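Chains as they are written, first to last, in our numbering: chain L, 6 to 443; chain W, 546 to 885; chain H, 10 to 578; chain A, 57 to 249.
Don't read these hints as lab results, they were simulated from the structure.
Predicted, not measured: the structure shown is a model, and the values here were computed from it.
Honestly, I wouldn't trust all of these hints.
To be verified - Here are the computed lysine-lysine pairs in the BS3-like style, where the Cα-Cα straight-line distance is at most 30 Å:
1) A:112 / H:51
2) W:618 / L:367
3) H:51 / W:599
4) H:59 / W:599
5) A:112 / H:272
6) W:564 / L:394
7) L:162 / H:113
8) H:113 / L:78
9) A:171 / W:786
10) H:61 / A:171
11) L:288 / H:136
12) L:367 / A:112
13) W:735 / A:112
14) H:272 / L:394
15) H:136 / H:81
16) L:162 / W:564
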Amino acid sequence: MFRRLKIIGALGLMLFLALIVCAEQRFPPPDFENGYQLPTTSTPAARHLWLQYGDTAVFLAALGLAVWLIYKKRSRRWLFCLSLFSLAYFGFYRRGCICPIGSPQNVVYALFNPNYAVPVTVLVFCFAPIIVALFAGRAFCAGVCPQGALQDLVLIKPIKVPLWLEHALSIIPYLFLGAGLIYAATGTGFMICRYDPFVPFFRLSGSTFILTAGALFLLIGMFIGRPYCRFLCPYGGILRVASLASKWRVRVTPDVCTQCQLCEQSCPFGAMREPTPPGTNPKWLTAERRRLGWLLVLLPVLVLVGVWAGSKLNSAASKVDPAVALYERYARQQIKPVQYSAMSPEALSLQRAAENPDATLKAARDLQHRFILACELLGGWIGLVIGLKLIALSLRQNRTDFEPDRGACVACARCFTSCPNERVRLGLMPATGEPASL
Amino acid sequence: MKPEFELYDRREFFGVVTKTAAVIGLVAGAKASAEEQGQGTANPFAYDISRFQKTDPKLVAYEEVNRWPIPHKEARRLAIGPNDQIYLCAGNFINCLSQTGQPGVELALAGPACCVAVARDGTIYAGLRDHIEVFDSKGAKTALWESPDPKSWLTGLAAGEKDVFAADAHKLVVLRYDRHGKILGRIGHKNAERNVPGFIVPSPFLDVIIHRDGLLRVNNPGRHRVEAYTFDGDLEGAWGKPTAAIEGFCGCCNPIAITTLADGRIVTCEKGIPRVKIYSASGEFESVVAGAESFPENAHACSDLNDCIHGGIDAAVDSEGHIYILDIVTGDVRVMKRKA
Amino acid sequence: MSKTPLRSALLLTAWIAAFFCLLVGGVMVYEHLTASSNDPWKSPQLLALKEKLAASPKSEPLQNEIRELDLKYRRQFRHRLALDRTGAWLLLGGAFVLVLAARKAAALNNAPPRPQRRLDDGEHSRKLASRARWSLAGVTVVVAGSLLLIRLANTSAIPGNSAVAHKAPVEDVPTLAEFQTNWPRFRGWDGSGVVAWDFKSTPAVLWHSAIPLPGHSSPIVWGDRAFVSGGTSAQRKAFCYNITNGALLWQRAIENVPGSPAKVPDVPEDTSYAAATMATDGRRVYVFFANADLAALNFDGSVAWTKYLGPLKNPYGYAASLAIWGNTLLIQLDQGENRAENSKLVSLQGASGRVLWERIRPVPASWATPIVGEAAGKMQIITLANPWAIGYTFPNGKELWRAKLLENEVVPSPILGGGFVLVVSPSSKLIALRADGAGKVAQAAAAWSTEENVPDISSPVSKSNLVFTVTSGGMATCFGINDGKKIWETNLDTEVQASPGIIGDNLIVLGQTGTLVTLQAGRDCHETSRIQIPDKFVASPAFADGHIFLRGMTNLYCLGPVANALKKP
Amino acid sequence: MNLTNGQPPANEPVSRRQFLRNGARLMTMTGLGVAAGALVSRSNGAAYVWQIDPAKCLHCGNCATQCVLEQSAVKCVHAYAVCGYCQLCTGFFAPEPNELTTAAENQLCPTAAIKRTYVEDPYYQYSIDENLCIGCAKCVQGCNRFGNGSLFLQIRHDRCLNCNECAISRTCPGQAFRRVPVDHPYLLKTTSR
């Protein structure tokens, strides 16, 4: 049957190509008499795809190497070298883009916007460190993250942040994460990338605001270890949770702990946890039990309150979105006109809005509607984070030895050599006698 | 060692907390207030011709008496028939409309209609991109004049008693046909010994009209002037100067369309700063029919769309001296009447 | 360990580096503060001069002044850019040295800790936990407070943003009557190719209008608009025509569909990239191409949404048309050479393009369009492919029955008639099936089947108690619907690809070479009229608004009774 | 993976926390797997880069000021086939130029990045020196208002860092920025439309 059709089809096609051509033609440039040839517009190609796959390979290799250095080689020096390499490669060579810190936004954006197909490389950058963390803790933070490496590098004289404050501030990354993700989901923008304080250094250029912020972080970072990682980095937050379930954990020493507390001194990131006294003192037991009970009740309450509060926030939150901001400005213009200078971005965007106010309004309103749900989720999330943290703080830990907290430890390997037993094991120190002063 | 938490005590901590809150509050408030009185940043790169976009009201001699939409999109040109019907070419159609825009005959063409002219006897000449189709007054096709050149791009037509003139914007020539489609001559092509400088036409806007003084008038956009030719192609004179000021022709390539009033004065249309003006037959600026203020969309379209090939305006004059202005962007026709 | 020479050397280096950094940083900042106001486009001086020049255009000195100043400032600008680049690197180097030196120095200096053993019975950790909880509460307060402030500082000017929040906008679906008066999909609202209104006099071409791109899809009609699709490997478009004068109202290219590869699959011209007939729900029109690009367009031609359903593997190119009921779109994505190559039936929500459900089908590629209609008292979706004819429930797509009936390349679409589903197994059988079965239906369930003059491309059409078929060879046959007995047959001596249709009492058959034959759709064979249109026809005719719409290779044709051209049904 | 790995030696039983950990890990892995699967099925492996749609660009000047690079990665490009080769090019000359020379006071471009070369009477070629161009779109405004619009802005990918979120796109009044596949990274004007 299809043979017969072929002829007709071919005929129709040929008949029409001719017509298309002249229909698509447009007023041509002049006929030059001196045989002048039109130059073609140059189109320098973007970075090759295979180069990006190359980056991914390097990334995975670095991750693997980091794990090996932490668990098998147990060498701070080599880990430091690896982090320097990562700083050079992912930082100054790849200019801080592509980095896993922002990648959850791409993933969420792709999940909520079918028109955006997330590149495979981004997926790898987003998921690989999490999977590693699920088995071996925050190897990524230790050896691969350029931001982390930069902060680790500038750490000169660590001051201890009191542990209770450390705990309290450790929820901020999750708030940042939540905010970043709702803005990504609504398609407004990638806040986490927008407010990354170190990428401008990698690019050697950036807005004054972000450069100053970065400089401040580095100054603080000279005395407080990895301030961004501990108190802001949303991806660090993800890895922190992931490594709570990690299969293996960083150990100060494979041998017995003599409880000398040297490792606690050696950790600049407040990740070392002291042993809890054996047994439980009955005089507190009931109180603790009761508190835990109340907190468990409080959790859903907090979440609900969060949702309620969030539902009130959408109009404020959505103002960040250009479409909403445009209509807001347009509407304000109707009430009390402001004279913008000619051809200024504001004037032009207003002109665009004025051409089709309904469409502008619709776009803005749709976004605000998206934001209602988004903000409720964010509120609930904040409530959940706080509630869980409270509960976590009220669970009784039973530790017999000094050991790094699974979540907080960035696996920088500093504590290894601080442990006398480890030094003995490595033959840095005679098995007998007092720990020699360094 | 001394327990860390004497480094901060709780009161101090809450002090810090309240301070931060205050700071954040202040910042937010400041930002909000800034938003409120929102002074926009000036654009240091603005291409500023605003001073030319205002027309001195004293110069405006015409007022709009009527305005009606046209039946099809992508209008190109309009012409006035023997008894004052308006012929519009838009899209693949030529429409004959009454002076009030009531639709009459519609001719469907094979391709986009680029220009139209109507002879005194009612014969309709439709310029398609590269050839001319002829219809009788009832709209029956009577002839098809073969394309003079595959690359031809006809954008202007004028029908006289014995001749039909077609302006070819790409081949830079005005073709002289007889009423049967025979090419009699090629006018205005670059020619040193007849000292014809030749047309410069960067965009498809070359127009030709037959003036009452028996000469042709052709706009030469690239040279910013209107040129007068005999039917045999001798350049008899030219006038016009390049300036965005009201008395001249603005931008890179104007005027884009011309027509003539009964008394021989010439109406010119410009794009970029869309405006319709009247010059005396010898080229003295006389008055403004409609200034840039009258074509906000058109002015905007030119700065906004891919190019002005989709912008632009055309004009025609009826026996009572009304000027019909076709706005290609808004797709409507304005009827302008001289102020009392 | 206080003042070793090494340490003091390190400290010295650190200080020098720090000083160096400050110096470079200072210079850069200074440059920015001063120079940037002198950028060639900002410098007030230069601007003022240009103003002056505008006033007195001919003054030589002024011109020279401008030229010099302009050159100077442009030099400065380039200089600044260069300086920033080098400065940044210098700063970086300095900082690096500073950090390294300082680290070493600090390392040399740090006293070995002498921690004392803490002997408490958990008092310490308890205190810690409680402080942590309180400070956490503090942080919470801060967060809440700042959020509150932000909330107070921002008031929205956008009307009605809160109350109607979660309510999704309800889609208004046209009534069944609207669907029936229009021609919303391949072979009409129910895929039967039958309209009730009568069409007395001989049809004649009222207008014809060029279709810029080739394609074998049939026209669809809604209101005063007709739509067809066309495509090549280079571009694929939908076209909208005004049915009163044939004006091409708009054409929309479907491109940059997310996920759709730039390279389109090869499709033989005889199927064309636009073989699938479009569909409409009166709110949007839907178009699907052989490269698996699906698009919904609003009636003004703007794109509502697009979706890539591929990749599609089809030996001759995809050709089954879109089916629609209400605002639910159905696409029968049968593909591949053998049975297990993820053929599926997909149902989408018209408004959003959201996939409602997908059903995997154990069949290879087919070219038959599914129909939706009431059979055996249930709303059913009936699909044909080799070998299975499958009935699904509408709207939720649960499989009701399947019958192993078909062979060869299944092209003709099913129709409903006389309480049967009429199914064509190409050039082998015409089968009347009761659609009341459940699960696997034995071949015996077929009420009757005949092997006489069975078409291989065109679909059957049925009226009252008759079924009509037309073979590619042009043999028109009439069967009784209850027993499948042949009533008459006639050779129309024209090749036929298009499916026949029925207007009132007229059986309309469109020949490939442009012969439009009208026969009486009755028990006795009688040809009422025959006209010739100079074009090639593969697409099936559409009947709406008292007119016949034909899609030729080159043009869209509108036929009507010349006498009352614009008579509404 | 299943629950058995991650267990401590068999002699001691799985502690409750250990069990929870394994469970959590298992769940997370599955979750990630599902998400990844869903996304990979959609992504066609290609990466995206930012580009300006000339049809939407409003020539506001933000491209010169908002890019994270000191000298913007956005440049003016010239579609020669669309150009009219005018003698009086409104993209090259300031409004009301004194005379049609390349003197500073007559030029529109603040950095003199447009080169004007004589082709033949009466035609001149205009080309962009990208090392000088700062992407301010002043010439684009001039060309679009009066001429054929052959000058327009494009992101040049030999300079663009391809930030995850383009800093210019945030402030673009025409919302003209969009992600395009890396193998077709330009949206050029051509003779055919």
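Just pull the numbers of the violated hints for me, sorted ascending.
13, 14, 15
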